[in-house]
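Chemist: The chain contents come next:
6 protein chains.
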Amino acid sequence: MSWLLDAVRCGELGVENLLVILVVEDDQLIQSVVEESLTDGGFEIVIASSGENAVALLDAADGKYRALVTDINLGRDKIDGWEVARHARKIDPHFPVVYMSGKDAIEWASKGVPNSIMLAKPFAPAQLVTAVSQLLNAGTTPG
Amino acid sequence: MSWLLDAVRCGELGVENLLVILVVEDDQLIQSVVEESLTDGGFEIVIASSGENAVALLDAADGKYRALVTDINLGRDKIDGWEVARHARKIDPHFPVVYMSGKDAIEWASKGVPNSIMLAKPFAPAQLVTAVSQLLNAGTTPG
Amino acid sequence: MSWLLDAVRCGELGVENLLVILVVEDDQLIQSVVEESLTDGGFEIVIASSGENAVALLDAADGKYRALVTDINLGRDKIDGWEVARHARKIDPHFPVVYMSGKDAIEWASKGVPNSIMLAKPFAPAQLVTAVSQLLNAGTTPG
Amino acid sequence: MSWLLDAVRCGELGVENLLVILVVEDDQLIQSVVEESLTDGGFEIVIASSGENAVALLDAADGKYRALVTDINLGRDKIDGWEVARHARKIDPHFPVVYMSGKDAIEWASKGVPNSIMLAKPFAPAQLVTAVSQLLNAGTTPG
Amino acid sequence: MSWLLDAVRCGELGVENLLVILVVEDDQLIQSVVEESLTDGGFEIVIASSGENAVALLDAADGKYRALVTDINLGRDKIDGWEVARHARKIDPHFPVVYMSGKDAIEWASKGVPNSIMLAKPFAPAQLVTAVSQLLNAGTTPG
Amino acid sequence: MSWLLDAVRCGELGVENLLVILVVEDDQLIQSVVEESLTDGGFEIVIASSGENAVALLDAADGKYRALVTDINLGRDKIDGWEVARHARKIDPHFPVVYMSGKDAIEWASKGVPNSIMLAKPFAPAQLVTAVSQLLNAGTTPG
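Taken in order, these protein sequences are the chains called S, G, U, L, Y and D.
Our numbering applies: residue 1 is where the first sequence begins, and numbers increase by one.
Our numbering applies: residue 144 is where the second sequence begins, and numbers increase by one.
Our numbering applies: residue 287 is where the third sequence begins, and numbers increase by one.
Our numbering applies: residue 430 is where the fourth sequence begins, and numbers increase by one.
Our numbering applies: residue 573 is where the fifth sequence begins, and numbers increase by one.
Our numbering applies: residue 716 is where the sixth sequence begins, and numbers increase by one.
FYI, nobody ran anything at the bench for these hints, they're computed from the structure.
Note that CB positions come from ideal geometry on N, CA and C, so glycine has one too.
There's no promise every hint is true.
[Stated by the list, open to error] Between beta-carbon pairs, the in silico distance windows are:
id	chain 1	residue 1	chain 2	residue 2	range
1	S	E35	L	K519	45 to 55 Å
2	U	E322	G	K207	21 to 31 Å
3	S	G63	U	E322	40 to 50 Å
4	S	K103	G	K233	45 to 55 Å
Use the sequences and the hints to build the structure in full.
Modeler: See the structure below:
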């Protein structure tokens with residue numbers, strides 16, 4: 001739906017108002033799957049290839065990102081997805097969080113944050129788009 | 144997915160059974176974004192360009208529409224989206240309602256109807272399709 | 287559970303921290319049923335006997351009340367429960383709202399606020415206590 | 430809370446409007462636990478000691494009962510709780526259903542009806558009262 | 573999104589890990605609509621053209637299928653969709669179930685399994701994809 | 716409802732089947748409030764006065780406890796409630812968790828486990844009983 005983004009970029013809706021999702025993933029194949037899925041759904045994404053990078057982007061974001069989609073295992077001795085999500089929630093307690101994982105999915109019940117969604121691999125692109133949409137739709141409904 | 148609508152129009156599923164959504168929006172750019180998003184998802188839509196028009200269509204519909212997607216601000220001294228939604232719910236207490244708004248989103252908690260969804264602009268097309276689907280899926284599950 | 291309130295009043299937990307619910311009801315029999323039910327559940331209540339009174343209390347409350355329990359019909363040409371709830375939500379978009387009604391329950395779908403509960407009469411005291419608790423428990427869970 | 434029922438019986442709220450729950454249980458100890466729990470919560474109950482009796486009461490009820498609380502195992506070669514619940518849902522698709530069971534709880538996922546609650550024994554009285562209240566509160570909220 | 577399946581088939585993610593949905597449908601037009609909708613969403617599907625076939629596939633599957641999408645009416649004197657779903661839930665109590673039906677939708681409240689979704693015809697492809705995704709996303713979130 | 720516990724202790728329902736909740740609280744006043752509330756609701760409780768004690772009880776429990784109710788702040792340089800809950804979830808991913816806190820409630824969104832409930836002080840006893848019951852009722856409903 002690039003026509004939507006084009007229209008938006010033309011200034012009709014305002015460039016500053018794009019709905020941007022922060023994706024944290026160090027595997028290039030998964031990166032491209034996630035990027036194509038979310039872009040197809042009309043979301044814009046920014047990719048961080050490490051947890052450290054993600055934390056820096058969140059600290060500097062000032063509300064730019066509207067949701068987090070993160071892999072769990074981001075390299076030995078590196079910040080993992082559980083920690084990135086906790087950092088995002090310290091900044092904004094209502095921040096939508098979607099985890100993606102294979103073998104670590106079972107740890108979601110003890111390490112995940114409340115009101116998040118764990119996508120256990122393998123998952124279909126529609127599940128990712130639905131997960132992000134569900135959390136954003138809930139988040140836009142105060143009360 | 145025009146092939147589906149074509150198949151349906153061929154009479155296999157019955158033309159009279161199309162799932163039609165009433166969209167109330169006076170901005171043509173947003174109209175086209177909403178139309179393309181919902182049509183992509185396999186929904187048929189009818190567009191009302193004013194609240195007055197929407198109320199007249201609902202009064203004459205006799206169950207034709209299965210959900211309402213409405214902008215809030217529909218012109219000074221005109222019927223707004225809050226009023227259109229209340230009118231739809233008087234006719235059918237279970238009617239699915241999705242609001243779209245920018246600056247008025249904060250008023251949803253005091254002016255929206257129960258079990259509705261507010262999409263705060265900017266939102267991605269996937270959020271709209273998911274919102275309508277969630278409400279319809281809940282609505283088809285009595286009990 | 288007056289022992290709890292006594293303990294609280296003794297200053298152990300702080301008098302200013304009592305969980306107070308605003309009840310709007312002009313029928314004395316229902317007033318006493320609601321009061322006994324909620325007090326049994328450990329809540330403290332303040333009763334307003336008219337919608338006008340309730341609005342004045344909410345305007346002056348500065349966060350004192352944590353939930354609203356309101357009858358719908360509060361007298362001819364008077365502020366009704368629908369309006370009291372909308373007023374409460376303008377002040378705090380997350381304010382828990384429970385309506386009680388007999389013949390007007392059907393109007394909840396068009397006149398109620400999002401994320402509220404309608405108790406259609408007759409209802410049991412346990413339903414009222416559960417309704418208030420559910421909304422408060424959801425309200426204390428940001429994210 | 431017999432004072433409430435007394436007040437109701439005095440005609441202030443109307444005798445015909447009592448909130449009555451149909452309890453199906455052939456064990457007298459469990460019967461008395463369930464009766465005391467629900468009566469404490471302000472509900473009135475009618476006890477059927479067999480599935481056959483329950484089905485007959487539902488057929489003759491004409492809307493008298495507002496919810497069903499049923500044991501599963503009601504005697505060899507007799508109508509069981511699964512069948513009583515299906516019968517109640519054929520009469521009213523929105524009828525609240527709570528099952529109580531020990532060893533049969535695992536079968537709920539394949540034999541239970543949608544939007545019901547299974548209380549696996551042992552359960553506390555508060556769980557039963559909360560289960561009935563949750564389903565009734567959801568049922569009084571159309572939309 | 574055949575590129576995703578291609579990538580997966582190339583072995584990057586492991587062929588054995590594909591997310592496969594069992595679809596039970598004897599009408600070829602509906603079969604093709606369901607197949608195209610789910611394949612578009614990134615799901616792989618296996619089609620059973622009878623309830624007997626579906627039960628045999630489930631018995632032999634050993635966890636191969638991750639969800640069931642089933643029509644209700646599968647031929648006179650044949651196993652129907654209600655029975656297929658109960659069979660799937662006996663094998664796995666958490667198995668996601670989506671029913672599709674026209675005239676039988678009203679029976680969902682008495683014959684459906686808990687935590688399933690009934691799609692009443694006519695439905696849009698997006699509703700089916702969202703229904704499957706919602707149930708899978710809930711299913712991947714233990715706790 | 717000590718009559719229930721008495722009946723149970725008499726062996727009718729089996730002593731080994733009591734529904735026991737682990738409460739972690741170092742403040743004696745709050746301990747007694749929690750104990751009276753839950754006992755009134757028909758639950759049996761075991762109190763741990765430190766996080767270290769709670770972890771040891773959970774490790775030795777072998778399924779004895781059915782839910783956790785825990786304070787957050789359990790003493791300087793001691794195991795806190797967040798850590799106790801994570802420990803419980805590592806043993807059983809579906810273990811019901813209720814936190815109680817005053818000033819630390821805001822941290823729930825980043826430090827709490829999924830599908831838990833935070834009771835922000837002050838809370839009424841009915842909220843605690845409802846919170847535990849809601850989580851147990853959800854937990855007894857697989858699927």
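Chemist: All the hints need checking, so say for each whether the structure fits it.
Modeler: Here is what the structure says about each hint:
1. E35/S - K519/L: 45 to 55 Å: Check passed, 50 Å falls within 45 to 55 Å.
2. E322/U - K207/G: 21 to 31 Å: violated, 49 Å
3. G63/S - E322/U: 40 to 50 Å: Given a distance of about 47 Å, which is inside 40 to 50 Å, the answer is holds.
4. K103/S - K233/G: 45 to 55 Å: Holds, at about 53 Å.
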